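Student: Here's the letter readout for the chains.
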Amino acid sequence: MASVATDLAAQQAIETAALKSDRFRLEREADWIRLDEIVTKMEKGKTRRLSDDDVLALPTLYRTLLSSLSIARESSLDAGMIDYLEGLALRSYFMVYGTQTSFGRWFKGFFGGGWSQAVRDIKLDIWIALFVMIAGTLIGYALVAGDSDWYYALVPGNFADVRVPGASEAALRGTLFGTENQDGLGVFAAYLFSNNAQVAILAFALGFAFAIPSILLLIHNMALLGAMLWVFAQRGLTVEFVGWLSIHGTTELFAILLAGAAGIHVGRSIAFPGTKSHLTAASDAGKRAALVMAGVVIMLICAGLLEGFARQLINDTGLRYLVGGAMLTFWLTYFFLFGRRKADAMNSGMTS
Amino acid sequence: MSNAATEPWIRRSANPKLDRVMVSPEGVPLNVTVATAGARAGALTLDIIIIMGLILGVSLIGLLILWAFESAFGGGASLEQSGPLNVVAVLWIIAVFLFRNAYFLYFELGERAATWGKRAVGIRVAARDGGRLTAEAVIARNIIRDIELFLPLVFLSSGEASGNMTEFTAWAGFLWVLMFLLFPLFNKDRLRCGDLIAGTWVIQNVKRNLDGVVAPSSEVSIDPANGKETSRYEFSDADLAVYGEYELQTLESVLRTGTDEALLTVTSSICNKIGWEPGVGDERNFLEAYYTALRAKLERGMRFGKRRKDKFSADI
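Residue numbers (my numbering), protein chains in the order written: chain G, 867 to 1218; chain U, 87 to 402.
A few of these clues could be false.
To be verified - The list that follows gives simulated cross-link-like pairs (lysine to any residue, SDA-like), each with its CA atoms no further than 20 angstroms apart:
no. : chain 1 : residue 1 : chain 2 : residue 2
1   : G       : K912      : G       : L924
2   : G       : K907      : U       : K293
3   : G       : K910      : U       : D105
4   : U       : K293      : U       : F159
5   : G       : K907      : U       : R198
6   : U       : K293      : U       : S339
7   : G       : K886      : U       : K293
Claimed, not checked - Here are the simulated distance ranges between beta carbons:
no. : chain 1 : residue 1 : chain 2 : residue 2 : range
8   : G       : A1137     : U       : W262      : 36 to 42 angstroms
9   : G       : A1137     : U       : A348      : 57 to 63 angstroms
10  : G       : E903      : U       : R370      : 27 to 33 angstroms
Stated by the list, open to error - Stretch-level coverage of chain U by chain G, calculated; a stretch enters the list once three of its residues show a Cβ under 8 angstroms from a Cβ in chain G:
no. : stretch
11  : 128-134
12  : 288-298
Bear in mind the hints are in silico, worked out from the structure with no lab data behind them.
Only a predicted model underlies this, so the values are computations on that prediction, with no experimental measurement involved.
Cβ atoms here follow ideal geometry from the backbone N, Cα and C, with glycine treated the same way.
Isolated chain G (complex conformation) (with noise of 0.2 angstroms):
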């Protein structure tokens, strides 16, 4: 019965408004507060509370307030509910075009082949990558082999504790197949993933200024690589130092290569956009390579248990190349074999 009273009440109130605005207003008013009423309660995180009507509902209410918003602009000069409606329309229409995706969701696309379509999307920025990769690693090298003193401009201090030029085969040996700490290798893992991760977004964040810092820093990195080796090779080491090195190697080094890759593609983006605006394209290239850095992380926290414990824990330089290379076959064949059917049917069924 009360409800009949308000309906009446409400009615009334609509037959003595004076103004046709106000009367289109007092006809629209419950749709618009019922809405306000579920986007509250989603804005406060009680999605799952909703009822099934008010999700049902959700949609058609948006689209009715935004029908009610265009008409009040055009035929109101009510300043209050227009403001309402303004303000309204845009947190309902934050609710129907949020964030749907669950994180849940989102994750098993990325490992499905999301992230594996990403990295083959950059494929050309992976090859200059690779090719400054290389170059940088043979700059170290004949850098250091032409003057040794080069060696101590490229390689911070606590890397080079023992690893000299001039260094007995016996102590670097020790560097290679040490036995020492191995009870420290869970913190020594966690620290070496929280830094390379570190230098992984650096690269990529760098390419924002048009990928030339990135270039410099896979250059100054793989050049610090490429000292060690001659500081290796000197002594008949290289087998054994490329040895350890490629049993987390072959992982870190891929996510480095990634990052840089990511990193230059952003910077080749902005500088060349092409057809698109430049912010465009930024974003573009920005959001791609977004889902290639959320993928060097996770490799990264592979690369850090695989350097802190599998290298600690091998010592045999046959086996280091096994798991490196296993690694290396596994990152090959997931980027740029697997998914690549279901996109490639998925690109067909579109364009017939």
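Given the structure of chain G, go ahead and fit chain U onto it with the hints provided.
Tutor: The following block gives chain U in isolation, referenced to the frame of chain G:
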């Protein structure tokens, strides 16, 4: 959007330079206001304090666990290298990494697309093109945060600590920091580098309540003596020709929120303008009647596509 800027429904906010129009996927243009640089800085400061608090909290919990182990197994047990010290250290490093990188991701991917700091100052992240805010965009905008904020902090503190930075590198580093930090001030949409890469922007939240009808059925008032409906005030066309929309909406805000004193002032100035003798004690009814009559006239004009911006524009 340049031609839309002349549309009369464009909102006039406190700082019109920050007003923008975003077209929804339905094709309806929506008014948005870009968050001010001050609000952004405030939100960021709050977030940094919160992150530091979280890191401090985790460190304290770690120490507490260590202390509990030590008191349970006797001194020295935890100092063995394979002891709980390692586990706690690993957890601590991972937690700090997560706080530093995942805090922003987690909250900006949520329903409100805003961290705690952003919520506190009432701003949120949105896609610049009016589409959905995607996970990739949020990841992209937050990865860039590293060079804008954390890297400079680390750079400055490490350089200071080791004292091996020359004057020149210190200044070069400082300029680099400043360039990224102040980037939002150099573009009109207040985009930081991360926003640029991700195609996002940060806008102000709007939350308004629906006020009542301004003048509910004021044209007719019921005489309590005989119950007859009478129109107390009649306005001629000339009386209504003196004002436009701007004055109407000023009058609306006076009617919604004004004090008796304000009503009195407005009544006398309107009466002056239209050459009436201001009465006493019936200001609200008079103003409501005038408001309704003026609005009816202006809205009638709108229906024929004619609008009058303010009293200086031509009458319709």
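Student: For every hint, state whether the structure bears it out.
Tutor: Here is what the structure says about each hint:
Simply put, K912/G and L924/G have alpha-carbon atoms about 14 angstroms apart, close enough for the 20 angstroms limit, and the pair holds. Simply put, K907/G and K293/U have alpha-carbon atoms about 13 angstroms apart, close enough for the 20 angstroms limit, and the pair holds. Among the hinted pairs, K910/G with D105/U is inconsistent with the structure: their alpha-carbon atoms are about 26 angstroms apart, more than 20 angstroms. For the given pair, K293/U sits about 56 angstroms from F159/U by alpha-carbon distance, which is inconsistent with the 20 angstroms threshold.
The suggested pairing of K907/G with R198/U holds, with an alpha-carbon distance near 11 angstroms, which does not exceed 20 angstroms. Annotation: proposed proximity of K293/U to S339/U holds, straight-line Cα distance about 18 angstroms (limit 20 angstroms). Restraint check: the Cα-Cα separation between K886/G and K293/U comes to about 26 angstroms, which exceeds 20 angstroms; the hinted pair is violated. Range check, A1137/G to W262/U: about 20 angstroms between beta-carbon atoms, so the 36 to 42 angstroms window is missed.
For A1137/G paired with A348/U, a C-beta distance near 59 angstroms keeps the hint of 57 to 63 angstroms intact. Checked against the hint of 27 to 33 angstroms, the C-beta distance between E903/G and R370/U comes to roughly 32 angstroms, which is consistent with it. A count of 0 residues in the stretch 128-134 of chain U with a Cβ less than 8 angstroms from any Cβ of chain G is obtained; the coverage claim is therefore unmet, three being the minimum. For the stretch 288-298 of chain U, the stated coverage by chain G is satisfied: 7 residues place a CB nearer than 8 angstroms to a CB of that chain, which reaches the threshold of 3.
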